[in-house]
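Enquirer: Assemble the complex: chain P is given as a structure, and chain S must be docked to it using the hints.
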Amino acid sequence: MNDEQHAAALDAFLAARLAGQDTPTPGDLPSGEAELAAALVVFAQATRPEALFRDQLEARLHARAARRTTGLPGSRPAWALAVALVLALALLSVPQVRAAVFEVLRIGAVRMVFGNPTPAPPIATPAAHSTVPLRPTATLVPTLLDLAGRTTLTDARRMAGVPIRLPAYPPDLGAPDYVFQQDIEGPVVVLAWTDRAQPARVRLSLHILGEGALVYKQEPTIIAETTVNAERALWTVGPYVLVVRSPGGAEGWSLRRLVTGHVLIWTDGPITYRLETDAELADAVRIAESLK
Amino acid sequence: MTDEALVTAARHDQTAFAELYRRHVDRVYRYLLARAGETPLAQDLTAQTFLAAFEGLAGYRGRSEFPVWLLGIAHHKLMDHYRRQKETVSLEVADELAHPGAPVEQLVAERLRHAQLARALKQLAPERAEALALRIFGGLSAAEVARVMGKSEAAVKMLVHRAVRDLQERLVPELDE
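For the protein sequence lines, the chains are P and S, in the order given.
Read in the working numbering, the first sequence has 838 at position 54, and its numbers run on one by one without any break.
Read in the working numbering, the second sequence has 190 at position 140, and its numbers run on one by one without any break.
Bound-form chain P, shown alone (with noise of 0.2 angstroms):
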């Protein structure tokens, strides 16, 4: 075999190694050369970029594809969703952030970034270049109850393109208060019942995210993992921002902090579920299997 019969084999195994079979070693090639190709490939393969740079750079690309959709030059909040992650996951590059965050996870349309358990660090100083309040304290935040896109329980069924169940438990519950639909990169419904002795105060909201949508939930104090119907979910505790559209319209971004409770995150096929209560987990466990 000369040596473009050699190069031919060896792109020959290459080929089939790198397209997943498990060719066997041509034994006509050099002693050694195909199980170092062999080698280099699983090694390669093996070989992926951080998570947290790929969250990072999607969504520098996403702001900017966001920007050139919209039109609109780099301050205006049409694509505030996308600079929020930008400017919360830019926290992770500051050393002493980064090295409180061990990893970020996501389940359904919801990304989370976790923090030590120890207290967090700093991240007031980022944030004071933004005039984006990335860990509002409660006296900045607005209520739930002004979102925009306030609608009704029948037309947000009839327009919002993803199906809307509603909570059997606690019996007295009744239909949602308040109905907002949204957009925010994916059809978004946002249900909430307020506390019948405060109005103002809500007592219970349910998201249901379709697909598309993605919420970004920054440094959950507390979590652990449960079930509803069976499938994986997440129970949160702790003050979060969450972006959603303001009641300025279309163009309208703001962040808002929604609960200071806990959050029980499921999904149910391409759905995420996300139940705002102050029940504990037992309780939100039964709202959310009771959906109906």
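It is possible that some hints are incorrect.
Sample of chain S residues at the chain P side, in silico, Cβ under 7 angstroms [what the hints assert, rightly or not]:
| # | residue |
| --- | --- |
| 1 | T58 |
| 2 | F104 |
| 3 | F116 |
| 4 | G189 |
| 5 | A192 |
| 6 | M208 |
| 7 | H211 |
| 8 | Q218 |
Simulated DEER-style distance windows between Cβ atoms [said to hold, decoys possible]:
| # | chain 1 | residue 1 | chain 2 | residue 2 | range |
| --- | --- | --- | --- | --- | --- |
| 9 | P | T809 | S | A193 | 50 to 56 angstroms |
| 10 | P | D806 | S | A193 | 22 to 28 angstroms |
| 11 | P | P955 | S | E54 | 50 to 56 angstroms |
| 12 | P | A803 | S | T89 | 26 to 32 angstroms |
| 13 | S | P90 | P | D812 | 38 to 44 angstroms |
| 14 | P | D961 | S | D94 | 49 to 55 angstroms |
| 15 | P | A984 | S | G112 | 54 to 60 angstroms |
| 16 | S | D94 | P | A984 | 46 to 52 angstroms |
None of these hints come from the bench; they were simulated from the model.
The structure displayed is predicted, hence computed values, not measured ones.
Cβ coordinates follow ideal geometry from the N, Cα and C atoms, glycine included.
Expert: Just chain S now, kept in the frame of chain P:
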């Protein structure tokens, strides 16, 4: 949906480019990490590649497959980086990796690190290193590598063959003992 259909869609649908990104980010990053040897640099060049691809999408005419076009951009970003950097080449890699007795696949899997591989690649003739990185880490076919490098397919196969042979000499010098 094919890459080409996504490229067309990406001109008006912001989610389409994200799908192209998710499909190809691994291969671009692998190629750049194999050549650069450092995670931060590979990340920076990967970001530059995709941002340039996004900005230049209108110029993509479909004359070559999208991964070929994309890795062509990555290749140019890498070359630009090298032009800006005066590089020094470590001659220590063979010593670091010398480990007699073990089967070569096991040896490589256990000992190989991206930085070491990148250093070893830098000791190869540049075209051999580039062909090998595009073929194995970029996951392109020999014909596709040929289009990126402006070579014939047969020439690329020969470059890869010689690159593997050279690497074998550098990475596992005791293999034949």
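Enquirer: So, for every hint listed, does it hold in this structure?
Expert: Each hint tested on the structure:
no.: 1; hint: T58; in the structure: violated (14 angstroms)
no.: 2; hint: F104; in the structure: holds (6 angstroms)
no.: 3; hint: F116; in the structure: violated (15 angstroms)
no.: 4; hint: G189; in the structure: holds (6 angstroms)
no.: 5; hint: A192; in the structure: holds (5 angstroms)
no.: 6; hint: M208; in the structure: holds (5 angstroms)
no.: 7; hint: H211; in the structure: holds (4 angstroms)
no.: 8; hint: Q218; in the structure: holds (5 angstroms)
no.: 9; hint: P:T809 <-> S:A193: 50 to 56 angstroms; in the structure: violated (24 angstroms)
no.: 10; hint: P:D806 <-> S:A193: 22 to 28 angstroms; in the structure: holds (24 angstroms)
no.: 11; hint: P:P955 <-> S:E54: 50 to 56 angstroms; in the structure: holds (55 angstroms)
no.: 12; hint: P:A803 <-> S:T89: 26 to 32 angstroms; in the structure: holds (27 angstroms)
no.: 13; hint: S:P90 <-> P:D812: 38 to 44 angstroms; in the structure: holds (42 angstroms)
no.: 14; hint: P:D961 <-> S:D94: 49 to 55 angstroms; in the structure: holds (50 angstroms)
no.: 15; hint: P:A984 <-> S:G112: 54 to 60 angstroms; in the structure: holds (57 angstroms)
no.: 16; hint: S:D94 <-> P:A984: 46 to 52 angstroms; in the structure: holds (49 angstroms)
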